[in-house]
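Model the full structure from these sequences, guided by the hints.
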Amino acid sequence: MPKSQLTESRLLASKEEIAQLSRRKFLGFAGAATGLIVVASSCKKETTASKSTLDGVDLGSGDPGILNYAYALEQLEAAFYTQVIMSQYSGITAAETSFLTDIRDHEVAHREFFKNALATGAIAALEVDFSSIDFGSRASVLATAQAFEDLGVTAYNGAGRLITSPDYLVLAGKIVSVEARHAALIRELVTPGSFADNTALDANALDGARKPLDVLAIAGKYIKTKINASNLPTY
Amino acid sequence: MNLNNVLSEIEKVDADVYDRLDTRRSALRNFANLGGKMALAAVPVAFGGLFKKAYAGTKSTADVFGILNYALTLEYLEAEFYATSLMSNNLLPAGEVKNGIITISKHETAHVNFLKTAITAAGGTPVAKPTFDFSGGKGSGNGPFKTAFTDLGLFLAVAQTFEDTGVRAYKGRAAELVGGGDYLTAALQIHSVEGRHASFIRLMRKNLGSGVGDLKPWITGKQSGINTPAVQPSYDGEELTTQATINIININGFKISADAASEAFDEPLTPEAVLKIVSIFFAS
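Chains as they are written, first to last, in this note's numbering: chain A, 1 to 235; chain B, 1 to 284.
Honestly, the hints are just simulated from the structure, not real lab data.
Treat the hints with caution; some may be incorrect.
Per the computed footprint, the stretches of chain A lying under chain B, defined by three or more beta-carbons under 8 Å from a beta-carbon of chain B, are [claimed, not checked]:
hint, segment
1, 65–74
2, 191–200
3, 220–226
DSS-like, lysine-lysine: derived pairs with alpha carbons at most 30 Å apart [said to hold, decoys possible]:
hint, chain 1, residue 1, chain 2, residue 2
4, B, Lys106, B, Lys255
5, B, Lys276, B, Lys255
6, B, Lys206, B, Lys146
7, B, Lys255, A, Lys221
8, B, Lys106, B, Lys138
9, B, Lys222, B, Lys206
10, B, Lys106, A, Lys211
11, B, Lys255, A, Lys115
12, B, Lys276, B, Lys206
13, B, Lys255, B, Lys206
14, B, Lys129, A, Lys115
15, B, Lys255, A, Lys224
Beta carbons are placed, not taken as given, at the ideal position from N, Cα and C, and that holds for glycine.
Pasting the structure below:
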């Protein structure tokens, strides 16, 4: 590689690093002061730049990266419940249909909310893989629903600390407690009394909290599209 | 946009911003490394030690103690409420209801102990448990809920209100814990458990029937499904259908009703609103 190119690429990399760092610090203030629109637009440049150099759908970095991560999970949940309602399992009760339709609507609302909040910074629609789920079977559908809801709770709980904007943190909080309500209801449908048992909570009666990479490793079974989470903030 | 200009603007407002963030971050990283190697029971203690390191000497210390003691006060309320119900003869029918209340009671007691341990380990002083009046009579014993421990329907209505209020209360302080690392995570881990409890209590009320309307595990509009106006402040504001200026009803052409739009997002409550709600249950 000619010397001038090398220098230029190094320069570009360090510029990008500086921009990332600065943006992260900037977001904490921007979130409080001006909210959504500034944040969404400030991430646009970066996602475009990273996509060209790395494999898979790049979630991006900073707060927008975490929002894209949530958007990915909500896409998965919404697609699942949409399928559940389209091809209802045999023996489904009226009450179950009503609950599951509500949950579908909530997950679609979450998905579309993130899509609009991220605007041009939003990742593309993901392709799901539900080949391991028997949508005709109550046991299969509800076991999957329970796994998704519990996973969603641990995902939001684990990602909260990575968010720098108070506004976004509260928004994540508004959603995670609804996921917890879903999780408890589904668990009661599967096994009465299991709404918050020791398969969900630890010895201090705390719900789970997982890091994004751990969540994506579990969710990956159901997502065909390759996701690149390497630019997300970590702890 | 010129980022350099933006950053110098921020520095004018808060000259120490970089130092403070970086110090706290590295302290939290150290804790994260440590946490994996430690037994579960020891975590609150280390938590406290870390806290001193990260927040020592800044005004945030008092703020975070305030939040933890606020949470502790609400957990005291819930813990004693459920413990009292389990000692009340003939209140809870054997089976799913009683078993569920036993489970919830254990959780609230665990939350009390967790918060006390964390506050103490951090060098703070846990607030003392207040004396409660679960009738909602401010110590008179003659409030609107005075039959809560003899009337199952009323008991579950109060339980639902406590849990839904708890969810809103934790959410209302989350923004103050931005950058709080393990403290924020722990608060979130309790917050979602309150959400699970609320869902279960609502399901029990729905299954037991009468006078609850079309009650669901999630909050529809600002409906409580409770025939007592005294609980309404716990539900006012839950009817939002716009989030961060985005209208959720029929968003992007998907058929989302106002009910579903409000159910899909739980709303925070300010500490002032929460204290007003729970103050009728304090005798002292």
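Hints, one by one, checked against the model:
1. 65–74: violated (count 0)
2. 191–200: Three-residue rule met by the segment 191–200 of chain A, so holds; n is 6.
3. 220–226: violated (count 0)
4. B:Lys106 to B:Lys255: violated (41 Å)
5. B:Lys276 to B:Lys255: violated (37 Å)
6. B:Lys206 to B:Lys146: holds (22 Å)
7. B:Lys255 to A:Lys221: holds (29 Å)
8. B:Lys106 to B:Lys138: Holds, because 26 Å separates the two Cα atoms, which is no more than 30 Å.
9. B:Lys222 to B:Lys206: Between lysine 222 of chain B and lysine 206 of chain B the Cα gap is close to 17 Å, so the pair holds against 30 Å.
10. B:Lys106 to A:Lys211: holds (27 Å)
11. B:Lys255 to A:Lys115: At roughly 16 Å apart (the allowed maximum being 30 Å), lysine 115 of chain A and lysine 255 of chain B satisfy the hint.
12. B:Lys276 to B:Lys206: holds (28 Å)
13. B:Lys255 to B:Lys206: holds (26 Å)
14. B:Lys129 to A:Lys115: Status violated; Cα separation ~45 Å.
15. B:Lys255 to A:Lys224: holds (27 Å)
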